[in-house]
Each structure stands twice: as structure tokens, then as C-alpha cells.
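Chain A: place on chain C using the hints.
Protein sequences, first through last, are from chains C and A.
At position 259 of the first sequence the residue is numbered 258 (numbering that gives the first Met the number 0), and the sequence of numbers has no breaks.
At position 36 of the second sequence the residue is numbered 35 (numbering that gives the first Met the number 0), and the sequence of numbers has no breaks.
In case anyone wonders, no lab produced these hints; they're calculated from the structure.
This list has only true hints and no planted wrong ones.
Computed footprint of chain C on chain A; a stretch qualifies when at least three of its residues, placed anywhere within it, have a C-beta under 8 Å from a C-beta of chain C:
hint : stretch
1    : 197–211
2    : 287–299
3    : 309–319
4    : 323–335
5    : 401–413
Idealized CB from N, CA, C, for every residue including glycine.
Number of protein chains: 2
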Amino acid sequence: MAALDDVLNRVDGQLDASVERLFAFLRIPSISTDPAFAAQCRLAAESAAATLGELGLSASVRETAGHPAVIGRTDTGAARRVLFYGHYDVQPVDPLDLWETPPFEPVLATDASGRARIVGRGACDDKGQVFTFLEALRAHRDVAGRLPVDVTVLLEGEEECGSPSLPAFLAAHAGELAADVALVCDTGMWDRDTPAITTALRGIVHCELTVSGADRDLHSGLFGGAARNPTHVLAGIIADLHDAAGRVTIPGFYDAVREPPEAVRRQWAGLGFTAESFLGPVGLAISAGEADRMLIEQIQSRPTAEVNGMYGGYTGQGSKTIIPASATAKISFRLVADQDPAAIKSAFADFVAARVPADCKVQLSFGEGSRAVLVPPESPDLAKAAGALEAEWGRAPVEIGSGGSIPIVGQFKAVLGMDTLLIGFGLDDDRVHSPNEKYDMASFRKGTRSWVRILDALA
Amino acid sequence: MAALDDVLNRVDGQLDASVERLFAFLRIPSISTDPAFAAQCRLAAESAAATLGELGLSASVRETAGHPAVIGRTDTGAARRVLFYGHYDVQPVDPLDLWETPPFEPVLATDASGRARIVGRGACDDKGQVFTFLEALRAHRDVAGRLPVDVTVLLEGEEECGSPSLPAFLAAHAGELAADVALVCDTGMWDRDTPAITTALRGIVHCELTVSGADRDLHSGLFGGAARNPTHVLAGIIADLHDAAGRVTIPGFYDAVREPPEAVRRQWAGLGFTAESFLGPVGLAISAGEADRMLIEQIQSRPTAEVNGMYGGYTGQGSKTIIPASATAKISFRLVADQDPAAIKSAFADFVAARVPADCKVQLSFGEGSRAVLVPPESPDLAKAAGALEAEWGRAPVEIGSGGSIPIVGQFKAVLGMDTLLIGFGLDDDRVHSPNEKYDMASFRKGTRSWVRILDALA
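If we strip away everything but chain C, and leave its shape as in the complex, we get (with noise of 0.2 Å):
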């Protein structure tokens, strides 16, 4: 163990410099969803190809239908070989007057009980935690002038806006990508004290759905009371999603949902999840879900029908009468085992068509949509994993499900047969797509030791 305790202290004597590195790449506005980013996503791609280069990986930018990927290498030789997956796009930073500094200025802060934090967007999702991964393949090298195990990095540049050129790109560079084990650093620990593995992560399925009306904007004056007003007709199919128990009324959308075991539906509801604690520190108070389901059940083990956006109309200052020509929805799905996007998709499509005036047109695109995962429990590499990690916290790891989707993880086991360790040391007050997004610097340090020992444990 001396030489995993010289790499620790290197992590801890070189933090200052990690956290430096960290604040060139937060500064790339790298916004995937918004064409007037492509060429920020490029220099991102530059940036973490070049950072690979660095530490000794063979690495180069590399084409893709949209924003382009990075992949690096080593070719030691090692007995195993792991592929190490993150995103180096983030989320829009509107609205950009609720940042208290601006979000591609990261500063290092103190919050109230003296906590030290990096803020900036993509300080955690995800830029912070893929550099928790390079910082830690940094200390290796740096003390043992090699990794522990052969080492592919597969950085993306779409995965904020559903990942679209992802499957093409895997299954283009299959042989390349292959490896014994995925890890992602894309997720979060149970609380402050506590790591977790997250072993199920909910599909999605994104869509937006426009409804028209008239040829044009219409006088509400004149036309008013008579002419069908599309932002009502999209409203009726957005109340109509849930009823008033919390439950999506779309019909067949919980058929193929899987229940979890008795064992794990026991073990949380031994956790005291509530809504006092989840949703209290948001500016909420009572749940909005499935009345008849168990708070940590609605978020994780349950799919949902949210809409991400609406608009439809007049929505600048004032007033202005008129009966808007079409109104806009975009609408996600997430989904768990064993739904199939493309049901849901035929499904939503029929719950739409059958609440549209005749005289009425529908637009409804969606993208391609994933399917949701689940780890298994009996796997070595998640138990090696798991003893690093209660080695670097002092508490063994708490195995959760996730409600977020990473479409990638399923396309690992589809298309490369590996198996996917979704290890992060996200908090869930760290504002991940909101304004003032944030990362902890213990989630910082202690995360790059706990990849340290990871890498260690898994050769």
C-alpha cells in the first residue's frame, strides 16, 4: 500500500494545480444544444484531447455526425483494460441573471459552513467529474510513471442534448472502445459522508409536440369565443397527462414496468426518504407523484411524463390580444425497465392524436430514446469498486437507482457487452442545470482519490 499512499498525497499535493487545470476547461463555453457553440464544443474537444495527450494517452479528436468525441489510450499491455466514459458539453446557462457570477467564470467559493466549492456550469455535470477521473490517472503517472490498468477515455459532446451521434459513433469504433469494464463519472453520492454506485438508471424519451390552429395569429376580439385557440388544446393534453393521483393516464405506459424486489423495496423504505428532505431544500414541500407510491420509488423505480418547455403566443412585455396560430410543448419521458421507447413513443402519439380538434394540426418529433439499465449485483468489478471507495470514505457505498437517464450505459452492454460502474460525487444541492451550478471540493479531492483506488483495485 505505500505506493497507493504516495499516489493519495500526490492527489492532495497537487490539488491546487488539479483545480487550476479544472478552471481552463470550465471557461469553454461548451453549450451542445445551441448551434452557436459548435466551434466552443470543438475547442472543448481540443482542450480534453490535448489534456490526454498530457498524461500519456494516445489521443485525438474525432469526427462525428454532430459535435465531435475524443478518445485516448494506453497500450501498456496491462492485464485488463477499463473504458472510462464522460461528456465534456454542459447545459444552456439560461437564465443567466440568477448567477451570482457568470457561469463561465469559475471561482473557487465558501459557502456557510466554510465549505469550499468551484462554481461555474459544468463545475460538476460534468467537466468537475471527468476531472476527478484525469487527476487521478495524473497522480499514478505522475508517482508511478504508469496506470495500473490499460486506460480508454471516451469523452462526448452531445450528451446534454440526448447523445444523437453516440450509437452511430460506438458502433463505428467498437474494437476500439472495447474494454473489461465501463466506469462513468456522471452521477452522485448518497449524501455528503456517503458514496454510492448507482446501479439502475431510468431511459428517456424526448419529444416536442406543436399544435396549429389558424393560418396566422388571429384578432381574440374578433375571432374570439369562435376560432379554436391551439394553446388551449395543447394545455388540455398536457393536464391530461396525469390524473389526480399522480399516475400518467397514457394508455399501456406502465405495462411493461418492472416492480423492484421485495428486498430492495424494504431497504428504502428504511431510508426515511421524504419529502421534508428532498424536496424542502428545492422550495417544495409535498410530492407531485403517484400517490400511491413511496417517495424514493417515484423518482427512481417509476417512469415519468414531464414537460421541459412550453410556449405558444404573445410572451413579451405587455399584452397583446390575439388567439395564437400554434403552441409548443417539449416533453420528456423517463423510463424504467422494461419499457420500450419506441411503445411509448406510438403510445404518446395516440394519446396526442386522439385530442386534437379535426381542424387542428400536429407536429410531434422525437428523438431516438434509450431504454433504462440495471447493473448487476453479483459482479467483482462492482464489489472491488465498492470496497475502494469505502476505503477513501469510511462508510461502504449505498447501491442506488438513478431517475436521470445515461443513454450510453445501455449502448455499452448492447453494443460492446460490458458491464457499466456509475460511480460520482455529485450532491444533490450541487444546481446541476441550474443557475450557480457547483461542485464541492471534497466531492473534488476525495472523488479523485476514490478513482485512484478504484483504477488500483481493478488491475
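Same frame as chain C, but now just chain A:
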């Protein structure tokens, strides 16, 4: 009638000169909503005051808190006085590229049926309509040296941006503006061959409703299924506004609604007003209104609740997996007699409050609002004007309600104690507020002749 025929002949004889005078007025780009055109608005006011002076009125430009108004009057000691109201301001012209001729370079054109038309911004609304009245004054004066009644003309310059300065201006000049009856030329014909007197206008209440949930946008994967989504809450409120039969469900909403007299309903039933004829031209086919009401009732004698705009969450390109922190709708209610704006506001506030979960917040703000206006069917001036219109057009005018709202009419009643006769010569295809606005030469000529007869009849 010899003298009246002389005046009518004078209208016809000087028609070309009348059109030239209107063209000069149309060339002034008096767009009131855009501060860049403030000087042009003043120029239009000065031009109108000069025209009134030519006609023998004592006229001047009057300051308001916004664009100036114009008042002109004769004081010959005639037995009766009419107040004529119109506006010199016009709508913006965007999208400019859809105009076939420059909006402020009026032209005479001929349509496929050989009908002459005046084309340009304001050709109908309201400069062309105002000029029918002014040219009628001119013809009377040219032939008889005097007008049959004393006349006060009030032209405002803020009608297209909500007349914000007018209520205070009316109150401040109440004595100067007092008259026996008000005349407004800002409405339309029933059809090309049938004149109309608008005897009912709907009132209006504007509001803006924001529902807020969590204190930030939430990750829809991590919180989806448990956290309240304000877009769902808002959609529920909007969807609940109408029942399946198109009726507004707000308790008490219809309590004060007055039914039209049976004779009026019978007249309406005979008009052959259909969804195909009314909604077909804008691309719709099915009425969305109250199923047990005639279409003409839906837009004239029934109140409405319409969303004019709504937004919440992510509305940019692509997708963003959030549960929005808030959602907003701009909603307006069109009121009919005897609905009270204050009662409608209160009923809607209760309706909203009943549909918002305890841990969500509501912001609900209302504009001042205006009551509906009805001209008493027994008004002698109404009968006189109707007779004059029948003499000109060879058909009795239809008494119609307008779904729109002209708040000044309520103010004439409330502040000045006058009823208003709304008589205009616009046609449904005049493209008011749209590119290529036009006014038929027949509307201009016979409109002018109509005012000649009405002034004579009111004497």
C-alpha cells in the same frame, strides 16, 4: 332634399381631390407604438389640425402624456352637436417584405373584379375612415357654407397602443368635448353591400398569471416524478377554463350576461353566418365556442376566456431536461353586458387559487379592464343614422355586435354621458393591421356620402 342631393353630388365631383388629400395624410408614418416615430405622430396631428382648420373648425394640437391629440370644433349655435372620434396613428408595418407596395406610399389599385381600392398603411384603419367624415364636412360646407349640426372632432394618436393617455385627457376636457351623441368611424360593414351599425362592443379584462414551484429549474431525471411541475399546473388551469362544450367554467362567469332580444337572435339566425364562411378564410373549419350557441352569438354576445400567450421552461433549440421553476400565461377575457370587470377578476382569482397546490406560488396581475357597451336600441339617433345609411346603400343596416373592444366608447358614456354610434365602412378583407392594408374606393365614396346623410339626419 335638393340641398342634400347637391352635397352628395359635391362628394362625387371632388372624389379625386378627396383621395389626394387622404394620400397626403397616409404618407405620414404615424406609428404610435414605436418611439422612433414620435415626430411623425406629431406631424400627423399637425396635419389633421390644419385640415380641420381648412374646414372651418377652430382646431389645435393638444398635448397629452403621450402622443398629442387634436380637437377641432364649430360653434355656430346649431341645435345639436355631435362629437366625432377617430385616430391618426397606425399599426407597425412589419413584416415589410410582404407589402406589394411601400406602406407609406399609398396607391390606387384595381382588384381582379375591377374594384378600385386605396392601398397603404392606414388606408382603412383609421385614416381612410376618418377622412370619410372630414370629406363629408367639406362637402356640406362647400355647398351650404355651413354644417347641419355643430361638430367637435377628437383625433387621438395612441389608439393602436391602447390609448393610455386618453382617459385623463377626456376627463380634463370634458366640458369642451360634451355633445349630444358621439360618432366613431372605426368599424366595418356587414358585407360589401350591407352597411352596419355596431351597437355592442365587448369589454375586456387582461391578466398575467405565473405559477411558480421549486426555487430553481430542477433536473427532470433526478426530481421527475416527485417535484411539482408548474407547466402542468398552469396547463391544468388553462384546460379547466372551458368544458367540453366550449363553455367557460369559472363559477359565476355568466351570471351577469344579458341575452340578446329574441328579435335580434332571429335576425342573426337569418344571416347565414357559418363556420365555413367565417373560419374557413383563416384555415379553420370547426367552431370551438359554446356548442349550444350560434357562431355569431359566440363572437358577439357571449363572453370569452382566451390565452393570448404562454411560456415556461426551456423554449430554445433542442431539449433541456428540466422541471421549470415557473410558467406564465397571458389571458384575456372579453366581457358582454352586464359583466363587471371587478367581479370577473375576483372569480378568476378564486378559480386559480383552487387549482394551485399548497407549495406553489401564484402571481396574478390584472389590467384595469372595461365593461361591454350597448347602444340602447330605442335611441332616436340610432334610428336616424339607420335611415340615412339605408338611403345611401339601398339596404337597411344590420345592427351588429363587435367582438372587439373600443374602451373609449365606455368612457364617452361614463365621463361624458353620451351614447356612441359606431358606423364604419371597412370590409373583412381590408387586411387591417396586416401587410397590404386597403380601403375600397366604394367604402371611401359611399362612406363619405353616408356621413353627409347622417349629419343631415341628425340635425
